[in-house]
Structures are given as C-alpha cells and as structure tokens.
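Novice: These are the residues of each chain, in order.
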Amino acid sequence: MKSAVLVFPGINRERDMARALRLASGHDPAMVWHADTSLPDGTDLVVVPGGFSYGDYLRCGAIAARAPVMDAVRSFAASGGMVLGVCNGFQILCEAGLLPGVLMRNEQLKFICQDVHLRVERSDTPFTRGYNAGQVIRVPVAHGEGNYEADDETLKRLEGEGRVLYRYCSAAGVVDEPSNINGAAHSIAGIVNEGGNVLGMMPHPENHVEHVMGCTDGRGLFAGLVAHLERAA
Amino acid sequence: MKARVTVTLKSGILDPQGKAIEGALKSLGVDGIASVRQGKVFDIELSGSDKATAEATLKAAADKLLANTVIENYRVEVLS
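Heads up: the protein sequence lines correspond to chains U and S, in order. Whatever position you read off the first sequence (first residue = 1), add 1254 for the numbering used here. No gaps in the numbering here: position 56 of the second sequence is 55 in the numbering used here, and each next residue is one more.
No lab work stands behind these hints: they were computed from the structure. One or more hints might be untrue.
Said to hold, decoys possible - Sample of chain S residues lacking proximity to chain U, with all beta carbon distances greater than 12 Å (derived):
{"#": "1", "residue": "A2"}
{"#": "2", "residue": "R3"}
{"#": "3", "residue": "Q16"}
{"#": "4", "residue": "L27"}
{"#": "5", "residue": "A55"}
{"#": "6", "residue": "E71"}
What the hints assert, rightly or not - Pairs of lysine to any residue residues, derived as SDA-like cross-links and limited to a Cα-Cα distance of at most 20 Å, are as follows:
{"#": "7", "chain 1": "U", "residue 1": "K1364", "chain 2": "S", "residue 2": "K18"}
{"#": "8", "chain 1": "U", "residue 1": "K1364", "chain 2": "S", "residue 2": "G17"}
{"#": "9", "chain 1": "S", "residue 1": "K18", "chain 2": "S", "residue 2": "K1"}
{"#": "10", "chain 1": "S", "residue 1": "K18", "chain 2": "S", "residue 2": "A2"}
{"#": "11", "chain 1": "S", "residue 1": "K9", "chain 2": "U", "residue 2": "F1306"}
{"#": "12", "chain 1": "S", "residue 1": "K58", "chain 2": "S", "residue 2": "F41"}
{"#": "13", "chain 1": "U", "residue 1": "K1364", "chain 2": "U", "residue 2": "H1281"}
{"#": "14", "chain 1": "S", "residue 1": "K39", "chain 2": "U", "residue 2": "H1281"}
{"#": "15", "chain 1": "S", "residue 1": "K39", "chain 2": "U", "residue 2": "K1256"}
{"#": "16", "chain 1": "S", "residue 1": "K9", "chain 2": "U", "residue 2": "K1256"}
{"#": "17", "chain 1": "U", "residue 1": "K1410", "chain 2": "U", "residue 2": "N1386"}
{"#": "18", "chain 1": "S", "residue 1": "K63", "chain 2": "U", "residue 2": "H1281"}
A virtual CB, placed ideally from N, CA and C, is assigned to each residue, including glycine.
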C-alpha cells in the first residue's frame, strides 16, 4: 500500500497517522505538503489527518480545502482513488465537496476528548472489511466541531445507500442519545461518498493501534485498507 | 472601494453559539431578546472602481470561500 499523508499548517496528527500506516502496511507514507500540486506516482491511499489546519480560521477545514494539493486529491478521488479523512480531515473533505454535509459545533459547545464506542455498520467496504458488521470498537475523539449535519434529503440518501459506516454507540453497541457525544445527525461518526472510495470520520482510529496505547481497536481499519489495496494491486 | 460581505446561517440550521449568546444575554438581564443567531461580517477593500465588477468579485469570493452554502447564506454590499 502506497499511502500519502497531506500536511497543512496547523495539522498535528500527521505523525500518528504515518505511524499507524507504517505499522499496518510496512511502508512509510509520503508526507505531501499542502502547496504541492500533485501526489507521488503510484499513490493508492491519500490520508487527510487531524489537527487544526489554519487555526480553524473562517470555518474548520475551509482554508485547507482550497489548498493547491486538494485539486490533485479531487482528481485522484474522481478516478476512484481511496481517500481517508480523520477529524479535521473529515471537515476538510466536507469543505472540499468530496463528502456531503458539514461538521457543526458540538451540541453542548464543549471540546470533547475521550474514548468513544463506534458500531461498524457493515463489513463489505474497503474501510470496514477489517471488522465484522455490528462490531463495536473503542477509539478516541478529540474535537470541538464534530456534529455532523446534512439536509434531510442527504441523510435519507446516506442511510438508503448504506453510506454510514461508523456510528456512535454504547459499549454494548446500542445507538442511543447518551452515546451520541456531539449531537450528530443519526449518530453519524463516519460516512463514505457515493463511490464508496472516500471516507470521512471524526474519531481517531490511528490512536488505537498499539498495545502501549491501551487499545488496538483502530487496527482493523488500516488492516482492511491494506488487504483491499494489496488485493487490487 | 469598500464593501461588506455578511454571512449568516440558513434558517433551520441549529446554531449552538447563537443559543449560548442568547442565554448569556438573558442571564445578564438584557430584556426583550427573543433569539440570537450568530454570523460573520467581512469588510473588504476592492482595488477597482466599477460597481458591477465589484459585486461579481464579492459573489465569487463568497461562493468560493467566505460562505459554506450548504449551511450559510450571504449578502454582498458595495459601500462606497
């Protein structure tokens, strides 16, 4: 798996992401600067990591979404390339028009930094094949704007087309109000685009990949991507 | 030429920041406030002098960056 991690000013999770990718694939990802206008040859996964690109000025992810490198990411995604956006990366992908909807301020107006449980809604996608459908995983979140919202029409399409891949839930896997930490519509934690090749999610699977982190539930996502891409190659 | 772009949340979009401000105003005893919605104002200096061009430029700026038209409306005014 040849992955590329985008680096914007103000991003702070790019090294965690690079470490998780190296652990899963055995290869170092290319670190691609925001001002670059192309991706390295042979890239088969682009990752937009978390952090606070451009200090969250204007709107979270708004300025990064218009950075020169994003044109390359847009055409990469349009030709079916796999793209993963985590946290600020999810916000950037929404602002860039690669995913529908928007991440609003958390309902209770607080920055939330804690472990959450996610229910994996299906296992037949490149982003979830490392898990079983209905499996509950524990991963951290750290965000102030993770409250996913979209118009009713979009939400209906996302649900109808099975594009919600990860949902906030209780430890037992129940999707209910108390476990919906940020007030997201339909408890949405992660969605894919129409083509199924672009995933955006608020939680940080890259921070639960080694025993020293106390949990390795995030590994499945990366292992699944590696399996998918190595089979494709 | 001076201009102003005002960006506001579309109606129906939840505005937790506006709600918090509304609550704070109420607790300060500022009476008569029914609700608050927070928006953004951009004061912009334009280099040209043609009003129609200026409006087109501002509209492009709002569509491309200043507003997220999924959730926000904007208004463009050329002031002088």
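Novice: Does each hint hold? Answer for all of them.
Specialist: Tested hints:
no.	hint	in the structure
1	A2	18 Å, holds
2	R3	16 Å, holds
3	Q16	6 Å, violated
4	L27	18 Å, holds
5	A55	19 Å, holds
6	E71	9 Å, violated
7	U/K1364 - S/K18	14 Å, holds
8	U/K1364 - S/G17	14 Å, holds
9	S/K18 - S/K1	32 Å, violated
10	S/K18 - S/A2	29 Å, violated
11	S/K9 - U/F1306	25 Å, violated
12	S/K58 - S/F41	12 Å, holds
13	U/K1364 - U/H1281	37 Å, violated
14	S/K39 - U/H1281	44 Å, violated
15	S/K39 - U/K1256	41 Å, violated
16	S/K9 - U/K1256	41 Å, violated
17	U/K1410 - U/N1386	24 Å, violated
18	S/K63 - U/H1281	37 Å, violated
Going through the hint list in order, the structure does not satisfy hints 3, 6, 9, 10, 11, 13, 14, 15, 16, 17, 18.
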